[in-house]
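Enquirer: Following the hints, complete the assembly by docking chains C, L and S onto the known chain H.
Residue numbers (our numbering), protein chains in the order written: chain H, 1 to 220; chain C, 1001 to 1220; chain L, 2001 to 2220; chain S, 3001 to 3220.
One or more of the hints may lead you astray.
Stated by the list, open to error - With a straight-line cut-off of 30 Å between C-alpha atoms, the simulated DSS-like cross-links for lysine-lysine are:
1) C/K1194 <-> H/K139
2) H/K46 <-> S/K3046
3) H/K46 <-> S/K3088
4) H/K194 <-> C/K1194
5) S/K3139 <-> L/K2194
6) L/K2092 <-> L/K2141
7) S/K3141 <-> S/K3002
8) L/K2141 <-> H/K139
9) L/K2088 <-> L/K2054
10) H/K88 <-> S/K3046
11) S/K3139 <-> C/K1139
12) S/K3194 <-> L/K2139
13) H/K139 <-> L/K2139
14) C/K1139 <-> H/K194
15) L/K2002 <-> L/K2139
16) L/K2046 <-> L/K2002
17) L/K2088 <-> C/K1088
18) S/K3088 <-> H/K88
19) L/K2194 <-> L/K2026
20) H/K139 <-> H/K194
21) S/K3141 <-> C/K1139
22) C/K1046 <-> L/K2088
23) C/K1054 <-> C/K1092
24) L/K2139 <-> H/K141
25) L/K2002 <-> C/K1046
26) S/K3194 <-> L/K2194
27) L/K2054 <-> L/K2002
28) C/K1092 <-> C/K1046
29) S/K3046 <-> S/K3139
To be verified - Part of the chain S face toward chain C, derived, beta carbon under 7 Å:
30) K3108
31) A3112
32) I3117
For the record, the hints were derived by calculation from the structure and aren't laboratory data.
Note that CB positions come from ideal geometry on N, CA and C, so glycine has one too.
There are 4 protein chains.
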Amino acid sequence: MKLALITGGTRGIGKAVADILREEYKVVTVARSSEADEPGNLSDSKFRAYLVEKYTPDIFVNNAALLSYNFEEMIQTNGMAAVDLLFKFYNKMPNGTIINVSSISAEKNFLAREPQIRIAYATAKKYLKDTSLSLAYSKNKPIKVMCISPAATDTDMIKPISNNYVPVEEHYTNYNYYNSICMTRPYEVANIIKWMIEQPEWIVIPELVIDNHYEKSVNW
Amino acid sequence: MKLALITGGTRGIGKAVADILREEYKVVTVARSSEADEPGNLSDSKFRAYLVEKYTPDIFVNNAALLSYNFEEMIQTNGMAAVDLLFKFYNKMPNGTIINVSSISAEKNFLAREPQIRIAYATAKKYLKDTSLSLAYSKNKPIKVMCISPAATDTDMIKPISNNYVPVEEHYTNYNYYNSICMTRPYEVANIIKWMIEQPEWIVIPELVIDNHYEKSVNW
Amino acid sequence: MKLALITGGTRGIGKAVADILREEYKVVTVARSSEADEPGNLSDSKFRAYLVEKYTPDIFVNNAALLSYNFEEMIQTNGMAAVDLLFKFYNKMPNGTIINVSSISAEKNFLAREPQIRIAYATAKKYLKDTSLSLAYSKNKPIKVMCISPAATDTDMIKPISNNYVPVEEHYTNYNYYNSICMTRPYEVANIIKWMIEQPEWIVIPELVIDNHYEKSVNW
Amino acid sequence: MKLALITGGTRGIGKAVADILREEYKVVTVARSSEADEPGNLSDSKFRAYLVEKYTPDIFVNNAALLSYNFEEMIQTNGMAAVDLLFKFYNKMPNGTIINVSSISAEKNFLAREPQIRIAYATAKKYLKDTSLSLAYSKNKPIKVMCISPAATDTDMIKPISNNYVPVEEHYTNYNYYNSICMTRPYEVANIIKWMIEQPEWIVIPELVIDNHYEKSVNW
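The following block holds chain H by itself, in its conformation from the complex:
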């Protein structure tokens, strides 16, 4: 049975990916939570070295991230640790697939007038995406390096900055709620990741962005 290693695999999108891949892969989750198969803090260089030493995954889902007013923590986990793991597993894996989970904020927020917490989050995710694309286009190994940039997804992480984000059902039920942003569900993002993984051997999706509708439209 092939091995899928998933960072941030106990919550949100990472958990949804773990659940969906478990049908076909041996799944190992990494997270700070004690529920993880490999509990630990990815911003710790030794923990990253331990993981790279121990595992040679067929699928590596580079997903762990946090949202915090401690910018240094975000820069370390979402940026440095994710990019470092990407290089290390890219160099260790003989083949297979790497899915980097960036963010739509890396597409459009990072140059707009945004509060600093969004800038710090977006530029770290953009760093991950740029490195993902660079390795994908370098083409010096038969590894599929792909990057998905989900929009606001209905997870715990988004709650601190999310008062106008609402679940899909609420968005469509409350017909007067024009200011709501409809969040994608974690399993929907996970299904798209699965679709990317299942492409034929000769097709790579180096970049896929998901957005969600801002407005409810009556005759849409």
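Expert: Just chains C, L and S now, with coordinates in the frame of chain H:
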């Protein structure tokens, strides 16, 4: 029956999309060829105005492009005409989906050391992509504005610059042919476009890039 | 005496550049205005061909642009015509310097939530900038291809969208006017262009962006 | 006397900036070398905290970087540490100027077919540049946040990957040496940084790229 308008719809990716959408949509193709439902030259402002006046498509596939050593022709058709049609149909359509067909060259070739024909092609396609993303993220209308950037695809267009591009079958049969670039097939790109169109109402894919493998790997 | 050809050379930034270069160069201005040395409409392919046939400038300042609710006009003049002239003079000139005048809107506005007039303006200017950078980095001719992206400048062009843009003096005099955006003066941009042109032979400035302060700060 | 804090200030571009600013500023240099006013390793979170606690510079030149086959070291120093210092000094300084020193490789190399050492270097520098631009455009403080991206400069750092880079003099003396890349001199980059710092109060240069000529041209 809903209407799908497809520019460049008589050959290559556009034809494959027309064939696949015809099962569910009334399809109108636009191209310079007499085989098109609406034959004409899209770089002609009057022809564009005629199309916009006559049609209000549910799906607009903004696909027409050419590859030519007449750079002005490429700038006019691939850049100006495509961007102008995008604005015009975006403003006319009350809702629905627009698929802009850009190119992977707009992702990675335009800042590298490339011959001018590739630069002129890539920057025009990047212009289309940037405008597509801008309208998608402006979110002022319930229209899904999406952009797909295919890699080298097995069409007539690529032949003049393609001596090391080969079809999938040849790529995998000739085990010593490491310098070949395996081309995607038009129907594969068309199926991905169909997948984008068929997303649930609340999911938009503003950007999706397809790449193909450079090398054949034995144990891939 | 060396020749400097300046499109949009009768008003705004273009006029300021013409005034400043006239001290050392024979200056030829191109514009729709009858005051231009070469009056004509750059969106006309034949007029562009005429200019390219007639002139081989040492300095080509690719500056003409307009701001209009007729998006097609902007796409044609600011995008297509400017990019076409860039390729044509790049290929004709044996050496020398090309200065493309893009816009800061091409840096930061094109992916934000902007009204369509700003999107159409910004993406056309981004098209010019991307092509400028691509030719600069292709390095196949000893031509210095440079791009400057000015912020809001105190010219006639900006007036229709400019109610909160104010001249430098007003910005600093009215101490309570915190919502004003301080505009750069045309001659300041022209002096920076002159600085770019005067760099030593081995130094190229492929990209320079000018921004202006949003807020007045007391102890700045 | 105003204070200028310069990381990487004992060698290369940083030293040239220190030398040039010392005429008007009290200069404090930070580097791993014992020659620095503040010797230490910037990838150490505590050393960064110490610097931010101790200094409130008028000019902060965020310049320290290294080139190494230990990618983790580059990711930590060139990416994480530089971005973290940028946020921390941006938040501590009441006004003044921050100059982030990125690299032309962040402009054009990171998506081309490059060896991994260049990718790791370029994407970390791009991370710094993207964060610099984001803070510059957020405009919520009267701080001038600027970014300069020099081309290959004649410093010790470039030697390991530089067999075809040559000093300006050699480039112009050896008339048959067409494959050489002419390096900028550190003091030339420092003078451009000084020019950026000396702009009038209302003019910011959020982005300036320096490139150098690839080819020697006889009649250039």
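Enquirer: Hint by hint, note whether the structure agrees.
Expert: Evaluated hints:
no.: 1; hint: C/K1194 <-> H/K139; result: holds (28 Å)
no.: 2; hint: H/K46 <-> S/K3046; result: holds (18 Å)
no.: 3; hint: H/K46 <-> S/K3088; result: holds (26 Å)
no.: 4; hint: H/K194 <-> C/K1194; result: holds (17 Å)
no.: 5; hint: S/K3139 <-> L/K2194; result: holds (28 Å)
no.: 6; hint: L/K2092 <-> L/K2141; result: holds (11 Å)
no.: 7; hint: S/K3141 <-> S/K3002; result: holds (19 Å)
no.: 8; hint: L/K2141 <-> H/K139; result: holds (29 Å)
no.: 9; hint: L/K2088 <-> L/K2054; result: holds (12 Å)
no.: 10; hint: H/K88 <-> S/K3046; result: holds (26 Å)
no.: 11; hint: S/K3139 <-> C/K1139; result: holds (24 Å)
no.: 12; hint: S/K3194 <-> L/K2139; result: holds (28 Å)
no.: 13; hint: H/K139 <-> L/K2139; result: holds (24 Å)
no.: 14; hint: C/K1139 <-> H/K194; result: holds (28 Å)
no.: 15; hint: L/K2002 <-> L/K2139; result: holds (23 Å)
no.: 16; hint: L/K2046 <-> L/K2002; result: holds (26 Å)
no.: 17; hint: L/K2088 <-> C/K1088; result: holds (29 Å)
no.: 18; hint: S/K3088 <-> H/K88; result: holds (29 Å)
no.: 19; hint: L/K2194 <-> L/K2026; result: holds (15 Å)
no.: 20; hint: H/K139 <-> H/K194; result: holds (22 Å)
no.: 21; hint: S/K3141 <-> C/K1139; result: holds (29 Å)
no.: 22; hint: C/K1046 <-> L/K2088; result: holds (26 Å)
no.: 23; hint: C/K1054 <-> C/K1092; result: holds (11 Å)
no.: 24; hint: L/K2139 <-> H/K141; result: holds (29 Å)
no.: 25; hint: L/K2002 <-> C/K1046; result: violated (41 Å)
no.: 26; hint: S/K3194 <-> L/K2194; result: holds (17 Å)
no.: 27; hint: L/K2054 <-> L/K2002; result: holds (15 Å)
no.: 28; hint: C/K1092 <-> C/K1046; result: holds (17 Å)
no.: 29; hint: S/K3046 <-> S/K3139; result: holds (29 Å)
no.: 30; hint: K3108; result: holds (4 Å)
no.: 31; hint: A3112; result: holds (4 Å)
no.: 32; hint: I3117; result: violated (18 Å)
Hints 25, 32, counting from the list given before, are not met by this structure.
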